[in-house]
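S.K.: For reference, the chains in residue letters:
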Amino acid sequence: MDLSLSTRTEGDRTVVVVGGEIDVYTAPKLREQLIDLVSSGQYHLVVDMEGVEFLDSTGLGVLVGGLKRVRAHEGSLRLVCTQERILKIFRITGLTKVFPIHATVEEAVAATD
Amino acid sequence: MALVELTLTPLPAHVRTARLVVVAAARRAGLDDSLVDELRLALGEAASRAVGLHVKHAPQTPVRITVSDEPGGLTITVTDRGPAAGRVTGDLADEMLESDPDPDDDGVEALVDPDVALAVLSGLVDEYDVQADDSGTTVTMRWPLPARPVGVSGPGSTAASQV
Numbered sequence: 001m002d003l004s005l006s007t008r009t010e011g012d013r014t015v016v017v018v019g020g021e022i023d024v025y026t027a028p029k030l031r032e033q034l035i036d037l038v039s040s041g042q043y044h045l046v047v048d049m050e051g052v053e054f055l056d057s058t059g060l061g062v063l064v065g066g067l068k069r070v071r072a073h074e075g076s077l078r079l080v081c082t083q084e085r086i087l088k089i090f091r092i093t094g095l096t097k098v099f100p101i102h103a104t105v106e107e108a109v110a111a112t113d
Numbered sequence: 001m002a003l004v005e006l007t008l009t010p011l012p013a014h015v016r017t018a019r020l021v022v023v024a025a026a027r028r029a030g031l032d033d034s035l036v037d038e039l040r041l042a043l044g045e046a047a048s049r050a051v052g053l054h055v056k057h058a059p060q061t062p063v064r065i066t067v068s069d070e071p072g073g074l075t076i077t078v079t080d081r082g083p084a085a086g087r088v089t090g091d092l093a094d095e096m097l098e099s100d101p102d103p104d105d106d107g108v109e110a111l112v113d114p115d116v117a118l119a120v121l122s123g124l125v126d127e128y129d130v131q132a133d134d135s136g137t138t139v140t141m142r143w144p145l146p147a148r149p150v151g152v153s154g155p156g157s158t159a160a161s162q163v
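Residue numbers (the numbering used here), protein chains in the order written: chain A, 1 to 113; chain B, 1 to 163.
Among the hints, a few may not be true.
In silico DSSO-like pairs for lysine-lysine, Cα to Cα no more than 27 angstroms straight-line [what the hints assert, rightly or not]:
id	chain 1	residue 1	chain 2	residue 2
1	A	LYS97	B	LYS56
2	A	LYS88	A	LYS29
3	A	LYS68	A	LYS88
4	B	LYS56	A	LYS68
5	A	LYS68	A	LYS97
6	A	LYS97	A	LYS29
Some residues of chain A that are not near chain B, with every Cβ distance over 10 angstroms (derived) [stated by the list, open to error]:
id	residue
7	HIS73
8	SER76
9	ALA103
10	THR104
11	VAL109
These aren't lab readings, by the way, just hints derived from the structure by calculation. Note that CB positions come from ideal geometry on N, CA and C, so glycine has one too.
Please build the complete structure, drawing on both the sequences and the hints.
M.R.: Below, the structure written as structure tokens:
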């Protein structure tokens with residue numbers, strides 16, 4: 001399965017819904033989406049990963065790149081993920097302490113620092 | 001003899017091909033379902049690492065992957081022709097935050113950090129080995145397989161003697 005991407009606005013947050021596999025082949029699409037959002041002034045992002053079936057370190061690298069971009073504008077990048085097989089790679093890399101990870105989009109949208 | 005041997009042109013799209021083939025071969029060899037996700041991710045890290053290195057250093061040379069059913073378990077090797085593997089010595093998350101790929105570079109090199117891929121693999125797999133020499137690196141990973149049922153085939157089994 002390829003990567004699917006869609007975005008919607010909820011208040012001052014932009015929700016990016018990601019589905020499918022994020023790997024070295026598909027990661028550039030996600031990277032481009034995140035760059036486009038930041039370029040158009042959307043600095044508070046929620047990435048909904050509940051539909052993601054596979055994520056490797058190249059996908060993580062793209063999320064980290066997105067985080068650095070929004071941080072440069074005092075923004076935020078929150079993740080929505082409850083899948084154990086996806087959370088595992090965040091734990092292995094220690095990125096659980098870098099990304100706020102939420103159980104639902106509602107929780108992520110309502111969250112403040 | 002390997003159960004399955006793959007030679008991949010070093011293209012990002014083929015990393016997925018490798019995951020699909022290796023997972024299918026591993027399931028057929030009897031790998032427990034609970035280990036399949038781990039194998040898929042570890043193989044994905046090893047293969048994207050190798051493809052990333054080949055794109056930069058050996059674009060005309062295929063990446064080689066083998067799947068074998070050995071006495072020690074299901075054994076998978078991924079061999080590249082890139083420079084020797086490095087190690088992430090500090091905090092992995094810090095390493096990823098500090099790495100600074102060219103924001104305008106859409107290539108594989110900007111996506112794959114070979115050392116991070118290897119660090120993730122080592123965090124996933126209990127039994128792995130990295131052998132590097134002047135010609136490249138071979139990453140070997142091993143997973144336990146359930147004991148084969150006794151007497152299904154072969155000489156001396158009950159089933160065979162009844163035929």
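S.K.: Hints first: check each against the structure and report whether it holds.
M.R.: Results for each hint:
With a C-alpha separation of about 32 angstroms, the suggested pair A:LYS97 and B:LYS56 falls outside the 27 angstroms cut-off, and the hint is violated. Distance restraint check for A:LYS88 and A:LYS29: the Cα-Cα separation of roughly 23 angstroms lies within the 27 angstroms cut-off, and the hinted pair is therefore satisfied. Restraint check for A:LYS68 and A:LYS88: the C-alpha separation of about 22 angstroms stays at or below 27 angstroms, so the hint holds. Restraint check: the Cα-Cα separation between B:LYS56 and A:LYS68 comes to about 25 angstroms, which is no more than 27 angstroms; the hinted pair holds.
This hinted pair checks out: A:LYS68 and A:LYS97 have alpha carbons roughly 15 angstroms apart, not beyond 27 angstroms. About 25 angstroms separates the Cα atoms of A:LYS97 and A:LYS29, which keeps this hinted pair within 27 angstroms; it holds. Listed as a non-interface residue, A:HIS73 keeps its Cβ farther than 10 angstroms from every Cβ of chain B; the least gap is roughly 14 angstroms. No beta-carbon of chain B comes within 10 angstroms of the beta-carbon of A:SER76; the shortest separation is about 15 angstroms.
No Cβ of chain B approaches the Cβ of A:ALA103 within 10 angstroms, the least distance being about 20 angstroms, so the stated non-interface status holds. A:THR104, annotated as away from the interface, keeps every beta carbon of chain B farther than 10 angstroms; the closest lies near 23 angstroms. Non-interface status of A:VAL109 relative to chain B is upheld: no Cβ of that chain comes within 10 angstroms, the nearest being about 25 angstroms off.
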